[in-house]
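Asker: If you want the building blocks of each chain, they are given just below.
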Amino acid sequence: MKRTSQLRWALAALATAALAVAGYRKLLSAAAGGELAWTRGGVHYELLHPGVLAVLFVAPLLVWMLGRSLADLPFGQRLLALGFRLGFLALLALALARLVRTEDARNVALVALVDVSDSVPDEALADAKAELQKLYAARGHDDTLRLVTFATRPRLVEIEHDRKLALPPSLRHGPRGSPASATTNIASALELAYALFPPDRLKHVVLLSDGVETEGDLLAESARARSLGVRLSVVPYRHPPPAEVAVVGLRLPDKVDVGQSFDVAADVYASRATRARARLYQGETLNGLDGVRETSLHPGMNELKFKSVVRVGGELTYELKLEPLGPDEFSANNDYTATLDVPGRPSVLYVEGQPNRANYLASALGAQEFDVDVRAPGAFPASLRELERYDFVIVSDTPREAFPAAGQELVERYVRDLGGGFLFAGGDAGFGLGGWSHTTFERLLPVRMDAERRKEMPDVAMALVIDRSGSMTGLPMEMAKSACIATLGALQPDDMLEVVAFDSAPTRYVKLQPARYRSRIQSDVERIQPGGGTEIFSALDMAYQDLSVVRARRKHVILLTDGQAPEQGIRELVQSMVSASITVTTVGLGDGVKQDLLRSMADAGGGRFHFVPDPNSLPKIFTRETEMVSQQAGVEEWFPVEEVAPADFLKGIAIGSAPLLHGYVATELKPAPAQLVLQSDRGDPILARWRAGLGWALAWTSDVKNHWAVEWLRWSGYPKFWGQLVREHMRVKRRHELEMKTTVTGSHVRATVDAFTLDERFDDGLESNLFVSAAGKPQERTEHPFRQVAPGRYEADFDLTGYGAFLLRAEHAHRDAAGELKPFATSSGHVSNPYPREYASFDPDVAKLTRAAKSGGGVVDPTPAALFDPGSEKISTQKDLWDRFVLAAIVAFLLDLLVRRVRLWDRKPVRAKARS
Amino acid sequence: MTLAGLPLAWLVGIGAGAAAVTVLLYILKLRRRPVAVAFAPLWHRVLGDRDASRLFSKLRRWLSLALQLLLVLLLCLALGDPRPSHELGSGRHLVLLIDASASMQATDEKPTRLDAAKNVARKLVRGLGGSDRALVVAMGAVPVPLSTMSDEATELLAAVDRVHAADTRADLGRALELASDALHGLPNGEVVVLSDGVLTPPEPPPDLGGAALRFAPVGKSGKNLAITAFSVRRYPLDKSRLEVMTELANLDSERAEVELSLFGDGAIIDSERLVIEPGARLSRFFPDVGGARHALEARLRYADGRADALPADDRAYALVPERRRAKVLVVTPGNTYLEAALLLDEYLDVTDLKPSQYPPRGAFDATIFDGVAPPPADASGGLVYLNPPAEGGPVKLGKTITGFGFDTWDKKSPLLRFIAPGDVQVATGHALDPSPGDKIVGASDDGPILVAGNRSGRPFVVLGFDPRQSDLVLRPAWPLFVLNAIDSFSESDTSYVSAYRTGEVWRVPVPPGAREAELTAPDGSTHAVPVEDGRAVTFGDHAGFYRLTSGSDATRVVTEFAANLSDLDESRILPHKTLTVASRQAAAPAVGSGGVRREVWLWLLAAVLLLSVVEWITYHRRVTV
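Residue numbers (the numbering used here), protein chains in the order written: chain A, 1 to 916; chain B, 1 to 625.
Honestly, the hints are just simulated from the structure, not real lab data.
Listed below are several chain B residues computed to face chain A (Cβ distance under 7 Å; list not exhaustive): (1) L75; (2) A78; (3) L79; (4) P145; (5) T148; (6) P436; (7) E532; (8) L609.
Glycine residues also receive a C-beta, built at the ideal position from the N, C-alpha and C atoms.
Construct the entire structure; sequences and hints are all you get.
Answerer: Structure (structure tokens):
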């Protein structure tokens, strides 16, 4: 009997197990088919983790244990207890299996985005705070309100403390003008807002802003917000902007010709009526025609027009500086720079040590279609920016001390970094004669200046003509004597020296004699005593007579005077001396001298004029003069020029038929890649060249004017020779110009070039690069490759690295059959990004905000209640039902307990027959 | 510990009630069944046994009650949904940046890299510590948070599921900025980048404000072929012919023989086999393609049929610029020269109208106002004003000038294409006074006489004199000028964009006057897009063909355009195993211990289950009673 009972219970347990397994398999297959989700009465239910129902596999164990139960319960009550216990377990299993119900929620999570950028005045922020208070008061019990303030970046701000609104005293991210608030990125604030919406709330955003964005794209982001289920409403700030004046644009004509006047128009914004002073700079100097303007500004946009003219082609930067004469909150927006590319003839800077002789080469180059800017050495450009406007630079016959100290480095950077062309021409003050040995120029040029030709060089014959008038008494006289003795020290023993001192009449204190008789000469010099008047002519004539009869390679006269003297005949005398190859240097001591006379004597005499206020510097000047003269590098003789190496620029020029030159400075060619193009009959370099960095450096050891090249001036090939030389070696050979368009988005720039062939088909396969440099910093340029994106279309992208005006220059090249790049065209453009755009506009952009609200599904100026009104919107959220199952399980548990603790039936005594 | 479920008072009530019922049931002794027994000596044994087991019996009873009360307690605790709150402030705050760029569609990980990254993200979410919180962000061209900064695994896992790859590159810098913003003011911040490392290092690197940067790399190989450019343009002169450009890249380390096929409106029109060296790019041009086809598609594959790792960049799309008949409205009292000029282009559909009849019905691509300037109707298209009156035109009139010509002009302006107006003589006209932003195309020494510009998205051209007052109408330049002006409004020639690039904000031209537009994406979904300055503004992140519908019912215009990935950097899918930002190499993410964390009630219920089974067994075996 007992065995039968056990068997029955075992079968029941097995049947339960089989049922459980079958049920579970069905469950799993239903789960795989996605059928564990169902809708009942319009409510969607889903079992998230059906696998957990496997815990019900304990059911057979419970049945089996019931079969073996020792509890004294009626059979029916036992079954009832089993039922309650299985129900209890099933309810727990369902709780663990996460039965969820999908229901519609209509609670709102509102994120307020508050613009705190610099363009927003404090009054508008006070309005925003008031709006936030209204929103906080209007929110429903289950609604939430979060606050994000934004400028350059967004910030989540805690607004609740102890269940009360607690706004921070200041909403700003930093002091006005700081980088944290100098830009506005509304899109990034919206992106942060997406992370603040709980999944069971409707997503509403209210944007409080002036709509002026400098980064990101509100319109694109508003459409995305809508697609993400976010409703965007806007509350435009309507407070009048603060007192502000800003230059928002500087418009230059698309095309300007050299010499043609044009208007530079500045767009100036004023938030209220005020006055301002505007200064327009062209390059580094005030705009010549129209530089300063004091004007009244009316609220809104004002246009200021300035007349301007460009004298030399090339890149030119205009800068407008505005000085408000009334209140102005931000000063960053008072400057604006823009650049202009003025196409012009190639320009040549010609620095001539003897400017009155510059017209020969200047005219020749002018006839060859060059703009020539002739300058004296002292007027050499002071900055690379100014130098960059020239395509070729010539420094001719200029002594080193007359050239600005920084000029050499500027020229070197101009050649090496900017690809400029540079010609150094000789003359009496060229190369070693001008003291250029061991200088930057010598390093830059293809020749060495310390030519070792000392043995071949003839002697120097020097006459010192010293004023010994009464005014020289004392220190001047003593220093003049010291100068004579110092001169003696600088001469070689074989050099000849004569000292003539003069008052009303000349006296030959030291006869023309070799410098080796030093002691005698010194004692003769010491004998010089100050005397009476000043009569230069006779003294100079005496020196001329003496020097003209002596044979010497260099003949030089140094005239020292401190007073006024009759001029009659002096100039003619100097002319005669020059024709006898005697050069004259003049030294004026003190303010009483006739500087004009002395300067003209030195100019005509091929020497130098020194004005000396302090007698103490006389020995130094005499020594320097002597050193320059005795450099012995100058070769003065007639010689033909020989062509050594073929050069493109010599095509069409018969160098063989060129006239003789009358002198040059002896130099020595540096090793390759220095290239000797022309040489003298002695084999000395006349024209040498090499590539220095990106540009060319050339050395012309003769001169370019009516001294050594006097015969060349009459030669018909003279203009052509110099024209072609400059054209081949100048900075950028202007090529075909392709138009370049630029679009600026924030700090990102995209440059686009369309290239067509002559027959209006697409020019494909160009290899192009874009060079970007900030105006005034050409050496700090960045390079960006162009990509071909369509037939004939090329694009380059880059980010601006700062504020200011930027010059864009593109080089386009074709690759030929041999694989070599052949430059073919250039493009140029410019971009202005003078200051953060935050400071360019202060009037609210209500139109943009309105569009954004429309695109974002919201409204403009909503009431607080409307922002928390779900309207017809609802959001589906999943409600977890596990707690209900646990509650039900507690009830089942208690019922189970009741059934097991209380005998519900079978309470009467067991009858004997039953026992039997 | 805090309670996230029922309030404590409720729990106490429920627990006390259930416990009271339990104790009551244990106080009530189970009534024994009366059994009549005849043999008295047995009673002695029974009573003797009972005395011997009394203490043990009591113990079993108490044990049973304790078990039941424990079960009640556990159930009530579970109802309270207890959370470990004491660590809430000290936990980690993670931002999971899941790369959703095009390269994450690569199939070197099965099924894709994105799925592999999502699996890592799920592990990270499940491994979050009790007080950790996380934010899930899809990192595409724009970062999009898909969850809140939450400790709810359900919400976070659902957010991970919602990450989908787009046809764009990922903007790591922008995503890091967003992460930095989201972590602002939160302790123990960590930014976890789940990516294949095909990312452009942000420049300048964003300030993460002390948050740790971690990197979980995915991806195995980088074999890929790509179409990195695909475009089509009509020739400027012969607009019936097209040129198609494709640029292919072999981003494998081996030489590849590939097959490039060109389809027009779904039918193959060209196919060729090419060999591309490893790492090389190859441009192919298809010149003089007939212009009848509308939609072009290029497909690239290995010639031997192998598949590469990233199919997304093996197809590219382009739309041929449409050459429909331009509708031109001429508002004139009568101008033979104008009518004659317009007869020369067969692609013009010209409607003449007297000024008194303006405005007309219908939409036009261009409207020419000859000597008049009424307020333009919405669907007027671009506007050409010939000798406008002082009022109504877009440009103010300056002084009257006589005996002038074009002294300067913009040679590059499309209005003057093939025209040299230098010898045109004009008897009388007006100098124009353009507004800021207008372009002076031609000017005499007395002022501008030909100006182009744009007013509220509507382009215009103004000629400051009556052409009949000049010899312009007698020259070939006249019809060229009129047709150039009309052409300049249609953007059908040189400025035409045959395909936009994904990952950028697109500004698609819509007919002048349109204020709203609806965009239909390649997957068929539609959404409204705003219109600003005559262009529909939308952010594009999927390649394919799009349709843009603009205008109201009467003036509805459908514009089609294509979009491509066209991003060589994104096609270079060789995965990177490290990520370096601002010279800092990101460490591997730390996976938490997992298990014991937020949802304590789960474990409480599991304990109840186990205990109840034990209790059932002990009860029925009389271990407890």
